[in-house]
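Start from chain A and add chain B according to the hints.
These protein sequences, in sequence, are chains A and B.
If you want this note's numbering, it's the 1-based position in the first sequence plus 1.
If you want this note's numbering, it's the 1-based position in the second sequence plus 101.
What you were told as hints is all true, and nothing was included just to trick you.
Which stretches of chain B does chain A cover? Using the computed rule of at least three CB atoms under 8 angstroms from a CB of chain A, they are:
hint	region
1	150 to 156
2	160 to 174
3	178 to 185
4	195 to 201
5	370 to 384
Worth flagging that the hints you see were computed from the coordinates, not collected in a lab.
Just so you know, even glycine gets a beta-carbon here, dropped at the ideal spot from N, CA and C.
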Amino acid sequence: MQFLIRLTLFLWFAFVSSTSQAQNPTDWLFGRFSELAKYQFPSSGESSQRAYRNYGFQVAMTKDSSKRGDVLTYRALGELKYGNYDRAFTDYEAAVKLNPRLAGEVGWRYLFLFRDYARALAHLQAFDDRTPNFDDPIDDYSVNYLKGRAYAGLGDHENALKAYNLTISQRATRLGMEWVDYRYLVARGVSYLAQKQAVEGLTDFDMAIKNYPKSVMANYHRGRALEQLGRTDEAKTAYRDSRFFLLSNGSFERDYYYEQPDAAYEEDIEEALARLK
Amino acid sequence: MCLFTLSLFYSFALYAQPLTGRWIGVHTEWDLDSFCPLPAYMDFNPDSTWQLGLVDESAAPRTGRWGMEGRVLRLDTTHYAPELVSLQGDMLRIGRVQPMLFRRFRAVPMARETVWQRLAGQVWQSDSVQYLIAADGRVGLRNRKTGAQTVHYAQVLAMDKSAFLVIRGSGNGREGNIRAFWQVMSNEVGVIKLMGGLGSNVGTETLRWVRPLAVNETLKPTGFQTCANCFAQHLANTFVGMNEISKRNMFTLFRQRYQPINVPGQSGMIALKFVRNCAGELGVVELQELDDNYKRRQFDTRITDQLRAIVRNELPGNLFGANEPRHTEMVVSCIFRLVDGRVTDIF
Numbered sequence: 002m003q004f005l006i007r008l009t010l011f012l013w014f015a016f017v018s019s020t021s022q023a024q025n026p027t028d029w030l031f032g033r034f035s036e037l038a039k040y041q042f043p044s045s046g047e048s049s050q051r052a053y054r055n056y057g058f059q060v061a062m063t064k065d066s067s068k069r070g071d072v073l074t075y076r077a078l079g080e081l082k083y084g085n086y087d088r089a090f091t092d093y094e095a096a097v098k099l100n101p102r103l104a105g106e107v108g109w110r111y112l113f114l115f116r117d118y119a120r121a122l123a124h125l126q127a128f129d130d131r132t133p134n135f136d137d138p139i140d141d142y143s144v145n146y147l148k149g150r151a152y153a154g155l156g157d158h159e160n161a162l163k164a165y166n167l168t169i170s171q172r173a174t175r176l177g178m179e180w181v182d183y184r185y186l187v188a189r190g191v192s193y194l195a196q197k198q199a200v201e202g203l204t205d206f207d208m209a210i211k212n213y214p215k216s217v218m219a220n221y222h223r224g225r226a227l228e229q230l231g232r233t234d235e236a237k238t239a240y241r242d243s244r245f246f247l248l249s250n251g252s253f254e255r256d257y258y259y260e261q262p263d264a265a266y267e268e269d270i271e272e273a274l275a276r277l278k
Numbered sequence: 102m103c104l105f106t107l108s109l110f111y112s113f114a115l116y117a118q119p120l121t122g123r124w125i126g127v128h129t130e131w132d133l134d135s136f137c138p139l140p141a142y143m144d145f146n147p148d149s150t151w152q153l154g155l156v157d158e159s160a161a162p163r164t165g166r167w168g169m170e171g172r173v174l175r176l177d178t179t180h181y182a183p184e185l186v187s188l189q190g191d192m193l194r195i196g197r198v199q200p201m202l203f204r205r206f207r208a209v210p211m212a213r214e215t216v217w218q219r220l221a222g223q224v225w226q227s228d229s230v231q232y233l234i235a236a237d238g239r240v241g242l243r244n245r246k247t248g249a250q251t252v253h254y255a256q257v258l259a260m261d262k263s264a265f266l267v268i269r270g271s272g273n274g275r276e277g278n279i280r281a282f283w284q285v286m287s288n289e290v291g292v293i294k295l296m297g298g299l300g301s302n303v304g305t306e307t308l309r310w311v312r313p314l315a316v317n318e319t320l321k322p323t324g325f326q327t328c329a330n331c332f333a334q335h336l337a338n339t340f341v342g343m344n345e346i347s348k349r350n351m352f353t354l355f356r357q358r359y360q361p362i363n364v365p366g367q368s369g370m371i372a373l374k375f376v377r378n379c380a381g382e383l384g385v386v387e388l389q390e391l392d393d394n395y396k397r398r399q400f401d402t403r404i405t406d407q408l409r410a411i412v413r414n415e416l417p418g419n420l421f422g423a424n425e426p427r428h429t430e431m432v433v434s435c436i437f438r439l440v441d442g443r444v445t446d447i448f
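Chain A on its own, in the form it takes in the complex (with noise of 0.2 angstroms):
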């Protein structure tokens, strides 16, 4: 929770920065007045020596080495902002020494912002291990996809397809297939192919288009499925789809800080249809 209300400050500052040379200068300079009320602490919101000073201090203050750890976290965020990388490495593993909790948020962030599946896996199990038969959250995910995600990186399909399996099958029988992430169907379905095992992959990526009509990464994949298939033609019309989606949407599909693992790009989807022509 405390990590999406920073994550909100730092959008916010990131919006504010992005768009104050549009603006009226004096708007501008009074909205940030307004801003300068709501941040009662040095570290709110930002990433600066400033806030690498105030966290520091912080933690040395801190007492409970739990909550140590969390203003650690804090401190990482600021950094990787930064682009320090090693200062913010140094953070995050001794964030999860002091609060073995912190592995699956520090697992995340190996992830998707550093792309050390290694690491990230053995962050993500030391989550997953405390609650067995759990599939505990992260944030926004789940901890088996974002496992997933680790083995899928490794080249390790076959377990990647295991965890993918575990999380989609819960929520499915929890909430109904229609409220599967879809990322979490185009996650599985890309692995299928890895796999060869493009009937699956095709079923998985239609789910996904249902849940998501728009995804250009959904139509992509279901492209490459269909191609594998040997289904030419509908190929080429899921391969227009995406392009079609890519351009209306006006970019592939990312989060704010990284781009999805599967996204598909123009350049990808033109060298589709070039091959199908």
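Chain B alone, transformed into the frame defined by chain A:
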């Protein structure tokens, strides 16, 4: 100790009376070592009206009401907790995250035309900087120690019968934010005294006349210069950068051009970062080189030189697509993962 604490409390304590009057902006403290001049004024009027305006009057001022409720300052509808506002003598600091610093305004009557006539076409210097001021407003700021020069535009503004020297923009145009904002405190033959932000505080800068500016003296930057002068915040942040589609094109180019070297142990990660200014020029390429355990290391120069060369030689013409705003500055950053000299991932 008790007396000290009391005196500290009273020096910070806010009351309506001391705030009444005009305050002039000094700077916004973006970070501990990064300050951006604040060419604004703020009026706390006794009738509880409040006005915030820009010294260059480029936009209409904002008005509202102000008041003190206990030790809480209220500006219009915004309430500042006591610890967010501090008053020390004639200095007013608002906020704790990227705070803004104001000083009490003292009018020093002076005609701006007279100040400009004295400055223009001349070379002046402070203890650390030489000001080469052309008659058309261009100004070169030359570091006296290193000789490094940046180019901007200067103008003298008037407010409350006082004169303000403003240096803004870059060699690429007058547009852009402020590099320096000074109130002219005295204007005598050979010596001009200015007041404004000096580091983290307020100070006086004394300009002494050096010589007339030679007619053929070139006012050009000696190196890469950003068009914006208050760019540190953006420079720092690697997540606010170029358009993602352009970034993909850049990755493709790196993959095509990078020639792998096969050297065991050349593994880890290289974070690359540079700035492109509004004129499309590329700044210094910074590399952060880390091993597999995120400890600083040095990679083989055949790798690092190659990455720098690709940026220098290949990117300028290929960097941005049609969808990219070309006249804004941006940070370009990416990470290379390497195994034994081969690039295994770029993101």
